[in-house]
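As a plain string of letters, each chain reads:
There are 2 protein chains.
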Amino acid sequence: MKLTILGCHSATPRTNTNPTSQVLEIKNHMFLIDCGEGTQVELRRHKIKFSRIKHIFVSHLHGDHYFGLVGLISTFRLLTRETELHIYAPKGLKEVITLQMKLSDSWTNYPLIFHELDSKKSELIFEDDKVEVHTVPLDHRVYTNGFLFKEKPDERKLDMKAVLKANINMAYFRKLKQGADVVNDDGELIKNETVTLDPRPTKSYAYCSDTKYSEEIIPIIKKADVLYHESTFLNKNEDLCEVTKHSTAKQAATIAKKASVKTLVLGHYSTRYNGYGLFKKEAQEVFENVLLAKDGVSFEF
Amino acid sequence: MKLTILGCHSATPRTNTNPTSQVLEIKNHMFLIDCGEGTQVELRRHKIKFSRIKHIFVSHLHGDHYFGLVGLISTFRLLTRETELHIYAPKGLKEVITLQMKLSDSWTNYPLIFHELDSKKSELIFEDDKVEVHTVPLDHRVYTNGFLFKEKPDERKLDMKAVLKANINMAYFRKLKQGADVVNDDGELIKNETVTLDPRPTKSYAYCSDTKYSEEIIPIIKKADVLYHESTFLNKNEDLCEVTKHSTAKQAATIAKKASVKTLVLGHYSTRYNGYGLFKKEAQEVFENVLLAKDGVSFEF
Chain A
1 MKLTILGCHS
11 ATPRTNTNPT
21 SQVLEIKNHM
31 FLIDCGEGTQ
41 VELRRHKIKF
51 SRIKHIFVSH
61 LHGDHYFGLV
71 GLISTFRLLT
81 RETELHIYAP
91 KGLKEVITLQ
101 MKLSDSWTNY
111 PLIFHELDSK
121 KSELIFEDDK
131 VEVHTVPLDH
141 RVYTNGFLFK
151 EKPDERKLDM
161 KAVLKANINM
171 AYFRKLKQGA
181 DVVNDDGELI
191 KNETVTLDPR
201 PTKSYAYCSD
211 TKYSEEIIPI
221 IKKADVLYHE
231 STFLNKNEDL
241 CEVTKHSTAK
251 QAATIAKKAS
261 VKTLVLGHYS
271 TRYNGYGLFK
281 KEAQEVFENV
291 LLAKDGVSFE
301 F
Chain B
1 MKLTILGCHS
11 ATPRTNTNPT
21 SQVLEIKNHM
31 FLIDCGEGTQ
41 VELRRHKIKF
51 SRIKHIFVSH
61 LHGDHYFGLV
71 GLISTFRLLT
81 RETELHIYAP
91 KGLKEVITLQ
101 MKLSDSWTNY
111 PLIFHELDSK
121 KSELIFEDDK
131 VEVHTVPLDH
141 RVYTNGFLFK
151 EKPDERKLDM
161 KAVLKANINM
171 AYFRKLKQGA
181 DVVNDDGELI
191 KNETVTLDPR
201 PTKSYAYCSD
211 TKYSEEIIPI
221 IKKADVLYHE
231 STFLNKNEDL
241 CEVTKHSTAK
251 QAATIAKKAS
261 VKTLVLGHYS
271 TRYNGYGLFK
281 KEAQEVFENV
291 LLAKDGVSFE
301 F
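Chains A and B, in that order, give the protein sequences. In this text, residue positions in the first sequence follow full-length UniProt numbering: the first is 1, and each later residue adds one. In this text, residue positions in the second sequence follow full-length UniProt numbering: the first is 1, and each later residue adds one.
It is possible that part of the hints are untrue.
The list makes no distinction among identical chains, and a pair is therefore deemed to hold if it is satisfied within one copy or across any two copies.
[Unchecked claim] Restricting the straight-line Cα-Cα distance to at most 25 Å, the calculated cross-link-like pairs of lysine-lysine (BS3-like) are:
id, residue 1, residue 2
1, K121, K102
2, K102, K245
3, K54, K280
4, K102, K91
5, K2, K150
6, K212, K102
7, K236, K27
8, K258, K94
9, K191, K223
10, K165, K280
11, K2, K94
12, K257, K121
13, K258, K54
14, K102, K120
15, K165, K203
16, K191, K161
17, K165, K236
18, K150, K262
Hint data in this document are derived by calculation from the structure and do not stem from the laboratory. Quantities reported herein were computed from a predicted structural model and do not represent experimental measurements.
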């Protein structure tokens, strides 16, 4: 699982800070999460192949999370893309994009499929045989979702020594991998766990931005391997959290701790601060394993 | 008159090329012309004070000319701008921006005034005591205007030697500057041109992008000091002009020659070419005084 931070700053793009966007590589998928202005240029800068992006997840309709989307959709068209593009986003985005395409008389020649979200409960919004994606309802000034990306378990591994010893016909190997008990050539029932091994553990990534401190998300993101939780403010500006519906680094860490995640990644820093060391310091007072997102940085988990 | 090219490439933004946007400083005005994605970052890069931008002119609603506008409007709001912002743009833009503000629940706290254009004839769209701006109807795939920016003449200059010799009372100096004849202290009529000098010549800038070759614009831009005319293609791709409704460098030069402008600036290059020397060469076969626009370059005229 690889996470590339294209941008992790709040509010306005600047010469040295990008608004929110990130790419999650998980099980051959290349998911784009949020798409602030300039995202398409950052994708190019990191040599991420446009054609590999088939699913885009938009948390909410504040500009720093989606103003780059219409340009990306338009660029895909100019590059004569043919493959489907799925967009998971709050209700309203389809109208914005459609209006802009209408005004420019530039309809996409590839299927552009909107999955508009308006539920306030966690939903399964994407699933294939390898991965599933659930929404994480967040508490922000406008309707907002985080997203939980979960690998599905691989098949069980055959313990070949045990399999051969148990005298099982090759025709049953497929069933064994799927976890079933089988009958061997001698007519005996062989319990699956005696001849197979657990697959490698699955991984999961929870993206939660933007949101105020909300314990309601904990059951959904429980034990995620990695949690990206917004930390717009430091402790000294905690008073701003209530009205802006953002979080401090320490609040993000508290969620990480209570949800028993393995790793916390902080981001969505307010541009009022220079340097981000204090974000890590304040978070680590509550939760040890903290990483700082940084524009252009990739993490492998 | 100073022209700063923030971006002069067609279609998609890239790591080393920006879509169209430019800033024209003329008589204390700082006019922003077109606003492709990334324009606000380019404004910062060139240290152009956001507060000095009070008028934005949008040629047409293809993304490479306006996808950066909503972000800029939004940034002005975050910077607690209070002064009016006037936007001159094809009908439809107001709906796009309003919809996006509604969805993000982020209305501007400064007056945002749209002047929507839909006339197919040249119109005077802005005027104060120093400058006037006219539309230049262009021929492109969607409704498009160029813009002609014209300084108004300064007041006439007093020829102080002649004024004193003519025995004119100081109370009449204002009238003289305005071009009127006056009566001197001896009761004689003094012809204005005998005691005043012409002001410095006025300057004008015509921005014409995007457009196919169209001689209909010639009467409007006639004798402009500077013409920025799009040159998307080189001669070898002239066949693409008809369907895309763009121009070659040579066609731009032909317009410059027929309109008797002083200087031609080429831009809006297709990203299919590497290097732009040929644009200049092909244009100069028709018209001598050619400059190449380049992202980040300023011209003083």
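Tested hints:
1. K121 - K102: The answer is between: 23 Å across copies meets 25 Å, while 33 Å in one copy does not.
2. K102 - K245: between (34 Å within a copy, 18 Å between copies)
3. K54 - K280: neither (33 Å within a copy, 41 Å between copies)
4. K102 - K91: both (18 Å within a copy, 12 Å between copies)
5. K2 - K150: within (13 Å within a copy, 55 Å between copies)
6. K212 - K102: between (36 Å within a copy, 21 Å between copies)
7. K236 - K27: The answer is neither: 40 Å in one copy and 46 Å across copies each exceed 25 Å.
8. K258 - K94: For K258 and K94, the Cα distance exceeds 25 Å both inside one copy (36 Å) and across copies (46 Å).
9. K191 - K223: Cα proximity of K191 and K223: none, with 30 Å in one copy and 92 Å across.
10. K165 - K280: Neither: 53 Å inside a copy, 80 Å across copies.
11. K2 - K94: For K2 and K94, neither the intra-copy (29 Å) nor the inter-copy (40 Å) Cα distance is at most 25 Å.
12. K257 - K121: within (23 Å within a copy, 66 Å between copies)
13. K258 - K54: Neither: 33 Å inside a copy, 50 Å across copies.
14. K102 - K120: Classified as between: cross-chain Cα gap 20 Å, same-chain 31 Å, threshold 25 Å.
15. K165 - K203: neither (33 Å within a copy, 94 Å between copies)
16. K191 - K161: Cα proximity of K191 and K161: one copy only (15 Å, versus 115 Å across).
17. K165 - K236: For K165 and K236, neither the intra-copy (66 Å) nor the inter-copy (74 Å) Cα distance is at most 25 Å.
18. K150 - K262: Answer is within; shortest intra-copy Cα gap is 14 Å, inter-copy 64 Å.
Hints 3, 7, 8, 9, 10, 11, 13, 15, 17, counting from the list given before, are not met by this structure.
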